[in-house]
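Trainee: Chain residues, written in single-letter form:
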Amino acid sequence: MRYVLSKIGLLLLTAWAAITVNFLLPRMMPGSPADAAIAKLSRNGTVSPATRAAIEAQLGVPGGSLWHQYVSYLDSIRRFDFGLSYTFFPQPVSELVTKALPYTVILVGTVTVLAFVLGTLIGIGAAWKRGTWMDSLPTLSGSFLSAFPYFWTGLLLLFFLGYQLRWFPTSGAYGARTLPGWNGAFVSDVLAHAVLPALTILITSLGGWILGMRNTMINTLGEDYVTFAEANGLRSRTVAIRYAARNAILPNLTGFGLALGGVVGGSLLVEQVFHYPGVGYLLYNAVVNQDYPLMQALFLMITISVLAANFVVDVLYGFLDPRTRR
Amino acid sequence: MTLHTRATRRRLALAVGAGMTLALLATGCAGQAGGSSTSAGGTSLLAAMDNGSPTFTRNFNPFSASKRTTANVIYEPLFVPNVLDGTLVPFLGTKYTQPDASTIVVDVRTGVTWQDGTAFSADDVAFTYQLLKDFPALDTTGAWQDLASVDVEGQTVTFHLSSANVPAAAVVLNVPIVSKHLWSKVTDPVTYTDENPVGTGPYKLGDFNENQYTLTKYADYWQADKVAASEVVLPASNTQLDVVNNGYDWAYAYMSDVENTWVKAGKANTYWFPPGGTIALLPNLTKAPYNNVDFRQGLSLALDRTKIADVAEEGYVKAAGTSGLLLPNQKDWLDPSLPNGGEVTQDTTAALAAFAKAGYTKDASGKLVDSSGAQFAVTISTVNGWSDWLRGVQEVQRQLEAVGMAVTVDQPQQAAFEQARAQGDFDLAMGSFGGTGSLYNDFNQLMGSEFSVPVGQTASANFERYSSPAADAALASLKVAVDPAAQKKDGYQLQQLMTKDLPVVPLFYGGLWGLFSSTHFTNWPSADNPYATPATWGSNPLLILTTITAAH
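So the protein sequences, as listed, match chains A and B. If you're matching positions, the first sequence starts at 1 in the numbering used here and goes up one per residue. If you're matching positions, the second sequence starts at 1 in the numbering used here and goes up one per residue.
Incorrect hints may have been included.
Claimed, not checked - Some chain B residues close to chain A (C-beta under 7 Å, calculated; not the full set):
id	residue
1	A65
2	S66
3	T239
Said to hold, decoys possible - Restricting the straight-line Cα-Cα distance to at most 35 Å, the calculated cross-link-like pairs of lysine-lysine (DSBU-like) are:
id	chain 1	residue 1	chain 2	residue 2
4	B	K488	A	K40
5	B	K226	A	K40
6	B	K287	B	K318
7	B	K264	A	K40
8	B	K217	A	K99
9	A	K40	B	K217
10	B	K133	A	K40
11	B	K267	A	K40
12	B	K331	A	K40
13	B	K180	A	K40
14	A	K40	B	K479
15	A	K99	B	K185
Since the hints were derived computationally from the structure, they do not count as laboratory data. Note that CB positions come from ideal geometry on N, CA and C, so glycine has one too.
With the rest of the complex left out, here is chain A:
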């Protein structure tokens, strides 16, 4: 219990620090939201001085001292009121986030779980059969594929499967003429649109799980208790899973917790490449447009979920590994 309580205390402290940094960081960026809006317009030609004035009036630059802004920021967090977005003015931030979140959570969440499960299983297999082709093939191809940046894999898939073969739609979360709703046509359309981005994330993240699991497991396989189990004539499957893998999975589990927490941050580059309307794309828009309210809400959501995931893993660890409880 003391262990859990101290973890909760740490969680609250980190949350406060994150919230504060989250407030300060966007304000340290040079330029204002109005500057960003004007720069965007000026690409299409001259922006007249009047337009500049009107945009500044419309968006409203945050007023008051930094301390005053900070207090009202804390208050608005308490009330879950994140204000209006600058980029999509006058849309409320909460509305934008709730719209983007499901796409990201379903896409990135499913793929993260899938990559973890697949990668760990393949890693176990590779370690067990180390030195054979069943080890070298996944290990080599895994490290080869994960060395590619996300967007590069994404662009390759986009070009070959989307553009050349036209098997999958190339952008968006669902087709232009599909109406959202809980019906077969919409769901299958969403699935078709999710295949390429999902494949991109899967291909690039699988390697990490395989390598991590394989390497720790090879270490565990050298432990005395494994040799003992083998000498006792247990079935090789039992030795692999119950003895070696179960002990080797701890580091991968930590990574999985962090990855799950990061899911709500979306996959910025992948969402960019596929114009996928998730949180990552929203975050990108917020940053390039100096959209303080949107940035604050998104960073807050991301930090809180990473912290929460960390907390859960920490607590879980306490049960899985008695040594951490001391």
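Assemble chain B onto chain A, guided by the hints.
Mentor: Relative to chain A, chain B alone:
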């Protein structure tokens, strides 16, 4: 174990495969925004004129900074300027007169109805202008910068300007008119998103979802016979792949290697890239040596502009001379006495002579050094992610390094760039000017000393901070000139000043990237028929959508 894994993988592969097939069967071609087709309802037009980020938010408030661009098709202004030649095309106004330089009298069109059937009248016009006066945040075009009051008498609206200002008409008359009966009920028009817009324009809002929306033709539109497309389809995602693949009728996009991409994608695909503004290097005139005109002349002579234009925009645009005009759009205004029409050819010897006059010479090792022998170094700022500008700047960098300068390229994010430029914190910055359709506005925002504020304060135009009594006098005279001959005289004077003083160093023209297909519609704007620019924003699309005709 491994067998098990392999089986899982195979099963998964099968499942994914089956899922894909099912999904594709179920959606058919609905996944793609299908090309326009002639159906019982008429012809629909597929346009890439509004880009979602990545999806659409439903905001048709024509005064909002983040409106859907087609709000300006649903709501019409009194007059739409054709910025190529500066003419004002009548829409809700039928004709305008300027009895003196500070008055504009407009006859408002009769027989026009709002899309909900209510009759349109001059009262709506008066209401709209009053709305912008009451809420300055809505006045994005700056109509009230020049206005003093607006009077209505019958179907005539009289605009009283705050000072004599002939070129103001183009700005004042280009305000989207909203209906009094609906907008007077809106409590906060600044945050109003106008989800179901009711305008007087050729199209009203049809279906809307976050990935695509349609505009449907307004049957009782006052010039309905000129509207060829019964429907305009606007997808949110218009990537280059989409544009090439999906059979668009009209797209606005910079397309690399356009002949082999867009033109090859369809038999009737054409493009028109007229200049829409001048891209220039802005020297910081508050800093030495950029405040030295000899130095600026040296910069100008050291550059091979055609090469820069080719590198930056793949040869789709031409190099810009020092006249400050947008050529060929404004060729009638060009001062015939300007040497070589303002065009500058690279002349390194002359450039080095000019630098020497400014105190910089080439030393034995080929470096450009000042009198103390220190290497001359300059930083050029451009916007992060605007790759065409960056390519241009990198070519400028190569050419300036060839004359011995040490050149650094700085690429801040757009907001940081804008702030630094507006506050005068740069050596040389990229910028664009011109293209407003009004000679006065083009030159005023470039050279008017009224915008030149001290470094550290935010300038809204004239970022280089140029100030010249001669230029101000010419601008003041051009502002009130009604007679074309007088306007030309002042215009010539400004071009001479541009060439002699070089407040900015023009590099090349920024293109307007219009891609058109004549499969379903013809009579698109082109070099031979420049009735509008290819721009998809502002009220320009009104000109195009009421001019194109159905192809047979």
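Trainee: Does each hint fit the structure? Answer for all of them.
Mentor: Now for the hints, and whether the structure bears them out:
At about 5 Å, the closest approach between the beta carbon of A65 (chain B) and any beta carbon in chain A falls short of 7 Å, and the interface hint on this residue holds. Checking S66 (chain B) against chain A: minimum C-beta separation of about 5 Å stays under 7 Å; hint holds. The beta carbon of T239 (chain B) comes within 6 Å of a beta carbon in chain A, closer than 7 Å, and the hint placing it at the interface holds. A hinted pair counts as satisfied when its Cα atoms are at most 35 Å apart, and K488 (chain B) with K40 (chain A) qualifies at roughly 33 Å.
For the hint linking K226 (chain B) to K40 (chain A), the alpha-carbon distance of about 33 Å falls within 35 Å, and the restraint holds. Among the hinted pairs, K287 (chain B) with K318 (chain B) is consistent with the structure: their alpha-carbon atoms are about 30 Å apart, no more than 35 Å. Taking the CA atoms of K264 (chain B) and K40 (chain A), the gap is near 31 Å; set against the 35 Å cutoff, the hint holds. This hinted pair checks out: K217 (chain B) and K99 (chain A) have alpha carbons roughly 31 Å apart, not beyond 35 Å.
A C-alpha spacing of about 31 Å is found between K40 (chain A) and K217 (chain B), which places the hinted pair at or below 35 Å, so the restraint holds. For the given pair, K133 (chain B) sits about 26 Å from K40 (chain A) by alpha-carbon distance, which is consistent with the 35 Å threshold. With a C-alpha separation of about 34 Å, the suggested pair K267 (chain B) and K40 (chain A) falls inside the 35 Å cut-off, and the hint holds. Simply put, K331 (chain B) and K40 (chain A) have alpha-carbon atoms about 29 Å apart, close enough for the 35 Å limit, and the pair holds.
Distance hint between K180 (chain B) and K40 (chain A) is fulfilled; the C-alpha atoms sit about 32 Å from each other, no more than 35 Å. Between K40 (chain A) and K479 (chain B) the CA atoms are separated by roughly 29 Å; this keeps the pair inside 35 Å, and the hint holds. A threshold of 35 Å between alpha carbons decides the hint, and for K99 (chain A) with K185 (chain B) the separation of about 29 Å falls inside it, so the pair holds.
Violation of the numbered hints given earlier is absent; every hint is satisfied by the structure.
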